[in-house]
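There are 2 protein chains.
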Amino acid sequence: MENTKRISIDIGGTNTVFGLVDGNGTIVERCAIKTQDYRTMAQYIGAIEENIVRFKTTCGNGGVLGIGIGAPGGNFYKGCIEAKAVNLPVKECIPLKQILERDLHLPVTVDNDANAAAYGEMVFGGAAGMRDIIMITLGTGVGSGIVIDGKLLHGYSGLAGELGHSTVFPGGRTCHCGRKGCLEAYASADGICNNFKELLEHQGKPLSPAQAETLTCKQIGELAASGDPTAAAAYDKAAYALGIALANAVNLSSPQAIFIAGGPARVGDILMKPLRKHFSEHLLFLYHGSVTLQQSALPDNDAALLGAAALCQCKK
Amino acid sequence: MENTKRISIDIGGTNTVFGLVDGNGTIVERCAIKTQDYRTMAQYIGAIEENIVRFKTTCGNGGVLGIGIGAPGGNFYKGCIEAKAVNLPVKECIPLKQILERDLHLPVTVDNDANAAAYGEMVFGGAAGMRDIIMITLGTGVGSGIVIDGKLLHGYSGLAGELGHSTVFPGGRTCHCGRKGCLEAYASADGICNNFKELLEHQGKPLSPAQAETLTCKQIGELAASGDPTAAAAYDKAAYALGIALANAVNLSSPQAIFIAGGPARVGDILMKPLRKHFSEHLLFLYHGSVTLQQSALPDNDAALLGAAALCQCKK
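Protein chains in written order, with my numbering: chain C, 627 to 942; chain X, 627 to 942.
These are calculated hints, taken from the structure and not from any lab test.
Among the hints, a few may not be true.
A pair holds if it fits inside one copy or across any two, identical chains being indistinguishable in the list.
In silico DSS-like links for lysine-lysine, alpha-carbon gap of 30 Å or less [to be verified]:
id: 1; residue 1: K903; residue 2: K806
id: 2; residue 1: K831; residue 2: K806
id: 3; residue 1: K777; residue 2: K704
id: 4; residue 1: K806; residue 2: K899
id: 5; residue 1: K823; residue 2: K806
id: 6; residue 1: K710; residue 2: K660
id: 7; residue 1: K710; residue 2: K844
id: 8; residue 1: K844; residue 2: K823
id: 9; residue 1: K682; residue 2: K660
id: 10; residue 1: K831; residue 2: K844
Please take these sequences and the hints and turn them into a complete structure.
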């Protein structure tokens with residue numbers, strides 16, 4: 627199987643990226659199209675199929691294991707993606723699995739991007755040989771993928787794994803979802819920016835509207851790396867919220883390891899050191915020693931393609 | 627299989643109860659011994675075996691499907707029970723599965739009491755036909771059992787399902803476990819008593835030490851039923867903590883239903899009405915309509931025996 631290749635597709639709001647991935651997790655070929663460049667859904671799907679057919683030709687007959695597709699709003703049970711979630715110009719669920727399997731005669735697996743990342747960690751990353759993990763993807767939001775006994779957890783609704791919307795501070799900061807005190811409101815890139823702004827306000831040194839407007843999480847990470855205590859405290863607040871939510875998640879599923887991925891995690895110990903502290907302090911004694919907390923071993927730039935490729939091996 | 631009987635054993639700190647249970651969940655025979663009456667472990671296990679042999683004889687050859695054992699500290703992976711958890715006079719883990727299978731030639735399944743209750747709900751209760759549920763058992767503590775795709779969730783450590791120790795109010799009331807703000811500190815029988823005492827103190831009407839000493843959760847339930855607003859508020863506080871913890875648990879595992887069992891839940895709507903409200907308010911919009919919240923359908927007095935009996939059908 628190591629020599630059989632997987633075709634992986636990472637659908638985002640800006641780009642739709644294609645990869646041809648071998649069994650060792652090497653991306654041997656890649657290309658991309660602009661998700662927004664197509665006026666009709668048929669044209670968009672046509673462009674997807676064209677790229678797949680090209681990869682398939684490269685591999686020769688019988689050389690492709692399958693197609694894995696990761697997207698925000700990807701639904702494993704239905705095999706479709708929610709067009710809204712990637713700003714596609716239609717409203718309905720796009721039945722990509724059904725269409726591509728019919729047209730291309732290859733097995734297709736669709737899932738959301740965080741689930742794909744979790745399975746990517748299992749197949750190509752730091753979770754090789756493990757059966758029970760939790761994957762956290764920090765970015766615009768806080769995504770999560772849960773693997774139980776070697777299988778991705780989808781639950782009754784198909785939408786299991788939304789740890790970003792766990793209430794961590796009841797009555798706290800308002801989240802994108804409209805509720806209050808969600809993990810995402812503190813530990814996403816936006817959340818870390820808001821932690822930083824709030825801390826500066828408490829210190830009587832609020833940012834100007836122009837500064838506040840252009841502030842990025844990356845800048846806060848750079849400030850923290852250069853020794854700025856307020857920037858470090860903004861990360862500590864994110865780590866506190868995430869530490870509590872993860873210790874609570876361990877109470878439920880008792881994983882062997884938790885992996886942290888995504889832009890805001892690139893700062894390494896600036897996040898991971900306080901995160902380990904807060905996690906450990908909120909972890910029930912029963913689980914001490916049975917669970918590790920670590921950064922994702924997938925290379926950041928390839929994580930989405932490797933995750934989608936891993937889905938080809940996903941057990942139903 | 628319906629006519630094949632299960633032998634179920636519910637081991638508690640006071641009594642060890644035996645049941646002979648048919649495939650419809652009728653307990654056709656039962657008896658009990660005092661858990662503390664035995665000076666040595668060998669004597670205690672001897673008494674257990676004596677009762678099993680008697681049930682086995684009642685059923686004739688081939689008439690017993692297996693033995694299911696539920697106990698606080700029951701460990702599914704190891705097949706043993708933690709003697710400490712039921713106040714048995716030894717310190718080690720008692721390998722009940724190994725001993726009983728060797729001596730009695732019947733398959734034995736051991737698990738903790740909350741997991742047994744969850745599986746009991748699946749086999750004999752309100753979750754028949756479901757694949758994904760969460761069971762909450764309210765009592766001295768707050769226990770939980772999680773069923774994923776028809777199987778009990780044990781996780782990497784074997785100790786998955788400790789929702790009672792989820793941090794709901796960071797920095798809040800101290801829990802039995804030594805940490806702060808756990809669900810159990812607000813929603814167990816003790817927690818509800820403490821909610822009530824705290825509310826009375828805030829009203830400037832603290833209980834006398836003698837009253838505080840003898841206060842029970844059952845009394846608070848009776849007061850609430852008779853219209854006492856402070857008693858109702860003590861239950862509302864428990865429901866608020868439980869509603870948050872359960873909405874967070876849905877984010878992780880997306881069950882079809884959540885069942886609530888145990889003494890403090892016997893008050894019915896006094897708990898369930900505010901619980902549904904707080905749960906719904908903290909539930910991510912994605913899950914609205916996909917999960918129900920209800921009282922356990924197992925008869926309270928038989929729940930532990932039926933749960934242990936159900937373990938005989940537990941998929942590995």
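Violations among the numbered hints, reported as their numbers in ascending order: none
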